[in-house]
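Q: Please build the complete structure, drawing on both the sequences and the hints.
Taken in order, these protein sequences are the chains called A and B. 1 is the number of the first residue of the first sequence in the working numbering; add one for each residue after it. 1 is the number of the first residue of the second sequence in the working numbering; add one for each residue after it.
Take these hints with a grain of salt, some might be off.
As the list claims (entries may be wrong) - Listed next, the stretches of chain A that the computed footprint assigns to chain B, with coverage defined by at least 3 CB atoms under 8 angstroms from CB atoms of chain B:
1) 44 to 57
2) 101 to 109
3) 199 to 206
Simulated from the structure, these hints should not be mistaken for laboratory data. The beta carbon of each residue, even a glycine, is placed where N, CA and C say it ideally should be.
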Amino acid sequence: MNRRNFLRNFSFGGLGLLATPGFGIRDERPVAPEDFCLNLVTDDADLAIPMLEALLARALLAYKNLKFSEYKLRGEHMADLVLIKNRRLLDYKNSADELAQGLYEIARALSLPRKVENPVLMKFYTEDRRRPAATLNLFGNNILLKQLSLTENQGAHEVESETGRVTFVIRNKSVKITTATCRHKTCMNMGSINAAGQSLVCIPSRLRIAIEGQDESGLDGVTF
Amino acid sequence: MANFLIAAALLCFPIMLHAQNGAARLFEVSATKYLMGTQVDVLAQNESIQRCKSAFYEAFREIDRIENLLSAQRETSELARINHRAGHGPVQVSWETLAIIKRAVAYGKKFNGYFDISIGPISYLWGFGWEKKIVVPEGSRIAALLPLVGYGKIIINERDTTIAFARDGMKLDLGGIAKGYAVDRAAFILRQQGIKNFLLNADGDIYAAGQKSDNQKWHVGIQHPRGKQALIASFELSDFAVATSGDYERFIEVAGKRYHHIFDPRTGYPAPLTQSVSVLASTAEEADAWATYLFIIGFAGYQKILSPQTPLAMFVDTNDKIHWNAVWEKNYLLKFLD
Chain A
1 MNRRNFLRNF SFGGLGLLAT PGFGIRDERP VAPEDFCLNL VTDDADLAIP
51 MLEALLARAL LAYKNLKFSE YKLRGEHMAD LVLIKNRRLL DYKNSADELA
101 QGLYEIARAL SLPRKVENPV LMKFYTEDRR RPAATLNLFG NNILLKQLSL
151 TENQGAHEVE SETGRVTFVI RNKSVKITTA TCRHKTCMNM GSINAAGQSL
201 VCIPSRLRIA IEGQDESGLD GVTF
Chain B
1 MANFLIAAAL LCFPIMLHAQ NGAARLFEVS ATKYLMGTQV DVLAQNESIQ
51 RCKSAFYEAF REIDRIENLL SAQRETSELA RINHRAGHGP VQVSWETLAI
101 IKRAVAYGKK FNGYFDISIG PISYLWGFGW EKKIVVPEGS RIAALLPLVG
151 YGKIIINERD TTIAFARDGM KLDLGGIAKG YAVDRAAFIL RQQGIKNFLL
201 NADGDIYAAG QKSDNQKWHV GIQHPRGKQA LIASFELSDF AVATSGDYER
251 FIEVAGKRYH HIFDPRTGYP APLTQSVSVL ASTAEEADAW ATYLFIIGFA
301 GYQKILSPQT PLAMFVDTND KIHWNAVWEK NYLLKFLD
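A: Below, the structure is given as structure tokens:
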């Protein structure tokens with residue numbers, strides 16, 4: 001995967017949009033001052049995390065509600081780093097501020113960019129609850145298999161793991177499982193999801209379809 | 001080795017972190033893993049991401065260990081061994097398994113038989129919770145199995161640490177208690193690993209420890225039993241557990257009638273009085289057991305047993321009416337959502 005594909009695959013979650021290669025800024029609404037997203041694909045999370053922890057503690061004290069997610073990826077990927085601030089892709093290599101310089105050092109320590117096998121995707125980002133649900137993450141056995149834009153992928157889709165398969169439909173930014181190979185079809189009884197933080201799970205198939213982001217109500221858990 | 005374990009934990013589940021301002025930057029670290037036939041989520045506040053990862057790994061490993069003891073689905077579990085052999089004579093088990101069965105029987109006595117882990121032959125016949133097709137059995141088949149149900153027929157020998165059944169064909173179903181116990185054990189491990197502020201959620205059985213931040217407790221929602229993915233209410237939780245029993249997660253509909261997985265041990269049929277009940281208790285195990293019991297006896301039954309020792313509960317009855325304790329509203333900032 002080249003750098004263009006890296007941007008295409010791993011930056012739209014931060015923008016809340018499917019970025020066009022390069023600089024896909026399509027949303028012109030006013031943004032929160034703390035709107036921030038840092039994506040890193042690496043095969044050395046043990047090295048990256050302490051460095052990022054230290055950097056963020058120093059350079060991002062003004063940012064509130066900063067989140068980070070990490071997902072395992074399968075196959076060959078381009079290990080690289082992308083920084084998006086206020087929905088604009090920033091070139092940390094040619095910036096003088098502390099954050100950019102720190103990221104440059106981390107990129108050097110991780111020998112970025114380079115091709116890696118089975119890396120992790122780490123994302124630091126701020127939570128903008130005004131942002132509509134936009135990205136669907138498909139997980140199989142806790143591995144991030146695919147990301148889909150809710151706005152650009154209407155219709156039926158299929159996701160498969162080693163233990164099963166489900167078909168789901170995206171319609172009007174809502175997602176519903178329509179068929180499943182599992183025995184009890186509990187996932188088909190879960191209805192449709194349309195808000196950030198919601199997910200549909202097929203336990204026997206170990207598949208999870210989750211809309212990226214935190215629940216609008218800010219809940220930490222739901223009893224059911 | 002420690003590094004290897006951390007790396008292995010890292011590869012097993014997605015991690016979510018959330019940083020906050022303050023004297024020391026705290027990260028909100030979360031992970032998800034499939035265990036006990038369900039999705040287990042853990043969320044923690046800590047200064048160290050790596051400490052959280054390591055603690056999560058140990059907590060998940062503890063849940064997996066308990067599943068190896070108490071899952072009826074795993075052929076090698078102690079529970080599977082009991083179910084296969086205890087009708088023919090005493091089966092030697094670990095002290096831990098004996099202790100949880102003993103506590104479950106005590107719940108059975110306390111709840112006048114409405115909670116009964118010997119419901120296994122009935123739940124197996126219906127197929128809920130077992131790796132088989134869910135069916136609505138003929139009434140005669142249910143009636144034929146009811147004599148096998150009764151916690152009094154479980155013979156516990158503490159001296160020899162053995163379990164036996166008074167009748168062949170009996171089966172134990174720990175569905176109303178094992179998940180809560182696993183959550184409590186995982187919570188113990190997290191605390192032992194130095195994680196003080198966390199929220200553990202195993203398929204709706206939740207234990208919240210400490211707080212989300214200095215001025216904020218953990219914020220938990222209650223799902224609506226009919227509005228799929230919709231919420232009834234939210235409330236705050238700290239150093240306490242909540243569990244919900246509902247008729248909407250595992251069910252089948254035949255000729256327009258819903259048949260779910262929570263059985264009244266007296267009839268062998270799904271308990272008909274409640275859509276869902278959520279219960280607050282000091283441990284997830286207790287909340288889990290009480291939720292099963294209260295689901296079966298319904299809100300009217302709850303009113304009859306209400307005392308200062310009865311846990312706080314919120315019911316949605318079969319007429320879609322919501323009932324709740326005012327104390328819950330006052331002490332846990334219960335808020336109803338539109």
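Q: If you check each hint against the structure, which ones fail?
A: 2
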